[in-house]
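Hey, can you work out the whole structure from these sequences and the hints?
Number of protein chains: 2
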Amino acid sequence: MHNQTLLQFIKSHPIGASLTRDESEPYSFLKLVAKEYKAHSIVSRQGEVDTRIFIVQSGWACLQRGLQNGDRQIIDTPLRGDIIGVRAVDGPSIATLSAISDLSLFEIPRRALASATLLHRPLGNMLTRAIARQNSILTEHLMNTGRRNAMSRTAHFLLEMEERLSAYGLASGGRYECPLTQQELADILGLTPVHVNRTLGELRKLEMISFKAGWVEVLSRKKLVALAGFDKEYLRLM
Amino acid sequence: MHNQTLLQFIKSHPIGASLTRDESEPYSFLKLVAKEYKAHSIVSRQGEVDTRIFIVQSGWACLQRGLQNGDRQIIDTPLRGDIIGVRAVDGPSIATLSAISDLSLFEIPRRALASATLLHRPLGNMLTRAIARQNSILTEHLMNTGRRNAMSRTAHFLLEMEERLSAYGLASGGRYECPLTQQELADILGLTPVHVNRTLGELRKLEMISFKAGWVEVLSRKKLVALAGFDKEYLRLM
DNA sequence: ACTTTTCGTTAACATAGGTTAACTTACCAA
DNA sequence: TTGGTAAGTTAACCTATGTTAACGAAAAGT
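For the protein sequence lines, the chains are A and B, in the order given. No gaps in the numbering here: position 147 of the first sequence is 427 in our numbering, and each next residue is one more. No gaps in the numbering here: position 100 of the second sequence is 380 in our numbering, and each next residue is one more.
Errors might be hidden in some of the hints.
Remember, identical chains collapse to one label, so a pair may be satisfied in a single copy or spanning two.
Mimicking EDC-like on lysine to aspartate or glutamate, the simulated pairs with C-alpha atoms at most 20 Å apart in a straight line are [to be verified]: (1) Lys512 / Asp351; (2) Lys512 / Glu328; (3) Lys512 / Asp330.
It should be emphasised that the hints constitute simulated quantities derived from the structure, not laboratory data.
Here you go:
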């Protein structure tokens with residue numbers, strides 16, 4: 281799988297299914313192969329100019345933004361199939377992109393992609409859909425930090441991850457591998473690690489979900505969905 | 281101004297300046313005229329299917345999403361020039377769009393715009409940039425609710441509004457008209473109205489910013505920018 | 001002009017979540 | 001295998017923000 285070209289990957293993408301004609305061949309970046317990053321390495325730094333667009337082939341990425349006081353907020357944890365870095369403005373990046381687990385990324389020069397999408401209908405379409413979806417995910421994240429308490433916020437996030445991983449068969453039976461530390465979870469949820477720990481313990485005690493040794497397991501989807509007010513509509517791909 | 285066509289409006293748009301050739305003429309929606317909405321009226325409801333895309337000509341819009349428990353989060357307050365509703369998926373809307381002040385909106389069928397952007401380079405470009413900017417705004421909003429306290433959160437938001445309005449000359453000398461109630465401000469910032477009131481009072485007492493009778497006035501930009509950690513880079517249009 | 005909402009303001013009190021710190025457990029590198 | 005660092009856990013205590021409620025001042029409707 282890890283010498284698969286971008287074209288092959290896109291063909292297997294839930295959004296990109298329509299991209300099967302050989303009209304898609306002329307773009308050289310489609311022959312690209314993913315680049316590998318070690319866990320905890322940094323791909324692109326906040327404040328530096330970077331004209332690449334990334335597509336996750338495998339692993340957990342981390343898109344984060346730091347504040348002056350040293351605090352940080354994790355904007356998203358892009359997973360397989362997610363597109364990152366569509367800023368469309370030449371200027372310093374607004375966030376840092378790093379690898380949480382070992383990560384493999386397709387890297388496409390922004391200009392190449394931009395001109396290709398203008399000429400190639402399905403590709404442009406796919407990109408627009410992907411950005412729009414990122415927008416929905418961000419919106420729901422904002423709902424979480426703005427208006428949900430620690431319990432339902434955490435529950436909501438863990439359900440979202442399950443749903444997003446499921447699209448690629450990376451979660452099954454309510455179980456999935458999750459390399460996040462409680463510190464990272466805290467920076468996603470806008471909480472402290474200590475409180476994340478309390479919350480996770482509580483969720484476990486209520487037999488809703490457990491998160492141990494790098495694995496998440498949904499124990500009672502019904503209770504969890506009710507607590508989180510989770511509705512997966514916002515994650516729809518097509 | 282209020283029988284201006286969409287084409288005329290786009291030509292005056294900071295992003296859309298390049299759209300001056302008459303190749304832009306063939307699309308009938310460019311001849312559209314904005315539709316007027318009264319303050320507090322609802323344009324599009326969360327959960328209902330709506331295939332329009334909106335561009336704000338004037339006024340303050342409100343994009344919000346409700347939770348089961350009755351709480352709501354305001355995602356954004358789109359202003360002149362902002363593009364709303366690019367979901368790119370046929371399905372129920374994720375948020376409600378309403379008018380805070382009197383509002384005038386260009387309304388474009390999603391399909392018409394999508395096909396036009398594929399054929400017309402500058403238009404597609406403009407749209408991509410607009411979405412990417414919405415993304416930056418959302419990201420910064422998430423920073424606010426996730427990692428800033430009430431004071432800097434409020435300061436940050438009020439500075440953002442000033443910057444966004446300035447792009448159209450709708451703010452000058454640090455002063456701008458702002459029709460938001462404290463309740464609405466609370467739903468933007470993820471606070472309670474009571475606490476917004478305290479915070480606003482505090483900011484006033486510290487001679488940083490005042491918000492009274494529908495007008496915001498920056499009293500000390502320096503102190504305010506420091507408190508908020510405000511860097512307008514994320515709002516850059518070109 | 002009068003009445004009725006809505007909005008802003010303030011105070012007293014309550015609590016979810018933050019802070020610090022100590023300890024344990026798991027992981028990693030030599 | 002072992003020692004060291006990073007991660008998870010728990011407890012005691014603290015504080016920023018939420019809650020409720022009362023009142024005055026604007027707006028809005030008749």
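**Prompt:** Going back to the hint list, which numbers does this structure go against?
**Reply:** none
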